[in-house]
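Participant: So the protein lines, in turn, are chains Z and X. Position 398 of the first sequence, counted from 1, bears residue number 398 in the numbering used here, the numbering being contiguous throughout. Position 311 of the second sequence, counted from 1, bears residue number 311 in the numbering used here, the numbering being contiguous throughout.
Hints are not guaranteed to be accurate.
Copies of the same chain look alike in the list, so a pair counts if it works inside one copy or between any two.
In silico DSBU-like pairs for lysine-lysine, Cα to Cα no more than 35 Å straight-line [stated by the list, open to error]: (1) K225 <-> K414; (2) K414 <-> K73; (3) K138 <-> K73; (4) K345 <-> K462; (5) K225 <-> K345; (6) K27 <-> K414; (7) K401 <-> K462; (8) K401 <-> K300; (9) K27 <-> K131; (10) K27 <-> K138; (11) K225 <-> K73; (12) K345 <-> K138; (13) K279 <-> K73; (14) K300 <-> K138; (15) K225 <-> K131; (16) K225 <-> K27; (17) K138 <-> K225.
Simulated from the structure, these hints should not be mistaken for lab results. As the structure is a computational prediction, the values presented were derived from the model and not from experiment.
2 protein chains.
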Amino acid sequence: MNAPLAEHLLPEIHQRETPAALIDALKTRFAERCSTALVVREQHGRDESSFAAPPPAAVIFAENTADVADAVKLASEYGVPVIPFGVGSSLEGHLLAVQGGISIDVSRMNQVLHINAEDLTVTVQPGVTRKQLNEEIKSTGLFFPIDPGADATLGGMSATRASGTNAVRYGTMRENVLALEVVTASGEVIRTGTRAKKSSAGYDLTRLLVGSEGTLGVITEVTVKLYPLPEAISAAICSFPSIEAAVRTTIETIQLGVPIARVELIDANTVRMVNAHSKLGLREEPMLLMEFHGSPAGVKEQAELVQELASGHGGQAFEWASTPEERTRLWTARHNAYFAAIQSKPGCRAISTDTCVPISRLADCLLESVAEADASGIPYFLVGHVGDGNFHFGYLIDPAKPEERETAEALNHKLVARALALEGTCTGEHGVGLHKMDFLVTETGAGAVAMMRSIKRALDPKNIMNPGKIFTL
Amino acid sequence: MNAPLAEHLLPEIHQRETPAALIDALKTRFAERCSTALVVREQHGRDESSFAAPPPAAVIFAENTADVADAVKLASEYGVPVIPFGVGSSLEGHLLAVQGGISIDVSRMNQVLHINAEDLTVTVQPGVTRKQLNEEIKSTGLFFPIDPGADATLGGMSATRASGTNAVRYGTMRENVLALEVVTASGEVIRTGTRAKKSSAGYDLTRLLVGSEGTLGVITEVTVKLYPLPEAISAAICSFPSIEAAVRTTIETIQLGVPIARVELIDANTVRMVNAHSKLGLREEPMLLMEFHGSPAGVKEQAELVQELASGHGGQAFEWASTPEERTRLWTARHNAYFAAIQSKPGCRAISTDTCVPISRLADCLLESVAEADASGIPYFLVGHVGDGNFHFGYLIDPAKPEERETAEALNHKLVARALALEGTCTGEHGVGLHKMDFLVTETGAGAVAMMRSIKRALDPKNIMNPGKIFTL
């Protein structure tokens, strides 16, 4: 069901040979946990992006760190790429075997290893998903806040520096990963940190690996911060007469320093799609979904202040929820937006944008881009972690129609150029993958990308770790 | 006044030659801003550590990024080390020219370049100090929270990944630096990020440079986050019958998720020194200094909760301050502790420890180390950012008595070994410098240090950027 390869978007593809001797060695080492079945390989050769490439030559189902290390050592011996795979929820082509090689599936490495509730930390294997983690730590009274839309793995979330709706208060994977265990390009196992809350002990390898998209090593353990479940949680949705009104309310909320836990924008169009998909009766107007965490008094104080700000911009129809069930119902709209949108145009793929700008520039960035998208006639959804200045258009294209892809990419180009001019970034949380290499150079400059390449060459001299992502060598 | 070089502590010193031709070229480029006067060189060849080394061959007073770039290019041409210098407040020997070379003094690069109050960010030159920054942004209603004891520069604080008393709530330089401008080892100028609050655009060069102690580049601009001045601030000191009681109160406060802004420990001994130094009449018992930030109701709520926890551990004599003047008076004790201690033993130097452990391990780590220090008979002060699990012994040694240094270093070794066994770090905020290279290997493992070395070699092939710090090549 994937789109044909959009070659103008992808870097030059060199499918390296995977020697039969390597496959033999992998089969000897992993037996039935090394699969060369086409269906398995195809499943591991794609993700939620609109790209396609030939599948990997084999898939290894790793069950522990030693498995990963051995697979990498064998691949290194033959100079063959390795691509880590969690649940396949990348939006940017991270999982595609654009240079051939083998996929290392870590989804069976799904143990929660050490819950240190008294320190608010937990160490997990990379295949643990965020929902699984929260389920397994429920009895501790703690939670893990980072929530990209998908039920992604902690390994994948670390690799892409993911964030999501709670980041406005709790930060992203950048702020919440304390330490990693990593298999390097030579198959060595290293640890990048301790459980101390802060450290000045040498280069910050943790932060270097977080967001490196599998290009510097395979993550085999992740230690993250946890947070006490708030004493009180209150969620609200509020409709606005315009996107601008919703955005202005958000900007003022952030500038006043309100510790809002979530503030998400959904445009009218997307509310319509969600209503159709989830049989809801939400007002089909631009909407903010908000959540407040704290003591009962603190939550009340925050909510009153934001309500006042919203009223100043014509916000109305506040609907409040404080029980978990009511909150889940309100948040359904947000969490189903992607799938609702995809289903609104049968057979379509979404090309997602991911710009993030300083909060004061949010209205400028967003409103012009909405006008451009409307003028293009392409259907789209629009959701945003607007408290962080981050939002996503999902342009819904028919993969069989190159002109639709071109229109979508042209819109994205204009949006990124605008975001960069406003001192923002081309990607707030999805990563560069195959899709934003040119933008990365524009954003950070050739010198910074050259520095990244130098690091890559130094740590992966054979260029076998998920090669062809972020930049080509 | 510096101690003689403690050679057993320092790595092998290779004083590289500084060719006269380089000095000539620097004099041509910088005229009187290139000084070879001994007094200037000596001032730039030491810091607050107890180490000594021959001074740098010359000091360049840089006034802008182009100055730094040109100095680095010339140094690179001749393969001569460069050492960035701010105000000289390093505690770990970062500023010592252990391999010779030139010092680049950035203290004249002290402009606040862009205040973006509406985005809660500011961009400064590296020589801006934290107090200067807060003075210059006062009218915006915002503040910059990171406060190591010294009035350090933002460049130096970035380079060492500094933190201080507010880190328990606001994070460290790791969390608060958004972007850097850096002169690389080849003299090229790069930028490492944008003003967006989050980004997944490639390797996190910002976090790699933060904490790299001048070994990967010279920082020439720093963009940091700011915070709205809290609507209400309340500070308190509270005395405890024992260090353990104070520490247990802290642990419970953190575990309950109280968003306390500061929680600092001072032991009875140090209170005595401060009383003598600052003519205060504080109870000479272990003491916590606390600060609460928030809305008036929120602050009251936090303060009541912590007071209750403290009472459970025999905390008493709470003294509260809510005006800036009263708060300053209370905090005097904490901020003067270092100088009070130094002056309590004329001619002494302090050997500072900097371990940081997970909060649940704090009592174990601290109490045994106090017992060891007491048994050793060496005078010391003890202060701690205990909310982060980070604390500092300052062992007061007579630099003319090697046996005192040995005793202090032996205590530090035991303390670090204990902290590492408790899943902590040898340095929470001071950096590795010359002092903790062996500890770094023990803490992170040879593989991780090898990875750091690979990065260093790739980015600084001539090993001219503050060589001999963090590790030797």
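Participant: When no copy is specified for K279 and K73, does a C-alpha distance of 35 Å or less occur within a copy, between copies, both, or neither?
Facilitator: neither (51 Å within a copy, 65 Å between copies)
Participant: Is the C-alpha distance from K401 to K462 at most 35 Å within one copy, between copies, in both cases, or in neither?
Facilitator: neither (38 Å within a copy, 53 Å between copies)
Participant: With identical chains, the pair K225 and K27 could be close in the same copy or across copies; at 35 Å between alpha carbons, which is it: within, between, both, or neither?
Facilitator: neither (38 Å within a copy, 51 Å between copies)
Participant: Up to 35 Å between alpha-carbons, please classify K345 paired with K138: within, between, both or neither.
Facilitator: neither (38 Å within a copy, 53 Å between copies)
Participant: At most 35 Å between CA atoms: does that hold for K27 and K131 within a copy, between copies, both, or neither?
Facilitator: within (33 Å within a copy, 63 Å between copies)
Participant: Using 35 Å as the alpha carbon limit, work out where K401 and K300 are close: within a copy, between copies, both or neither.
Facilitator: neither (51 Å within a copy, 62 Å between copies)
Participant: Pop the pair K345 and K462 into one bin, within, between, both or neither, using alpha-carbon distances up to 35 Å.
Facilitator: Cα proximity of K345 and K462: none, with 43 Å in one copy and 57 Å across.
Participant: My question is about K300 and K138: at a cut-off of 35 Å on alpha-carbon distance, are they close within one copy, between copies, both, or neither?
Facilitator: both (25 Å within a copy, 30 Å between copies)
Participant: If the cutoff is 35 Å on CA atoms, where do K138 and K73 land: within, between, both or neither? Let me know, please.
Facilitator: This pair counts as neither: shortest intra-copy Cα distance 38 Å, inter-copy 56 Å.
Participant: Between K27 and K414, at a C-alpha cutoff of 35 Å, which is it: within one copy, between copies, both, or neither?
Facilitator: For K27 and K414, the Cα distance exceeds 35 Å both inside one copy (48 Å) and across copies (48 Å).
Participant: Using 35 Å as the alpha-carbon threshold, which applies to K225 and K414: within, between, both, or neither?
Facilitator: between (37 Å within a copy, 28 Å between copies)
Participant: Treating 35 Å as the Cα threshold, decide for K414 and K73: within, between, both or neither.
Facilitator: Neither: 43 Å inside a chain and 38 Å across chains, both beyond 35 Å.
Violated hints for the displayed structure, listed by number in ascending order: 2, 3, 4, 5, 6, 7, 8, 10, 12, 13 and 16.
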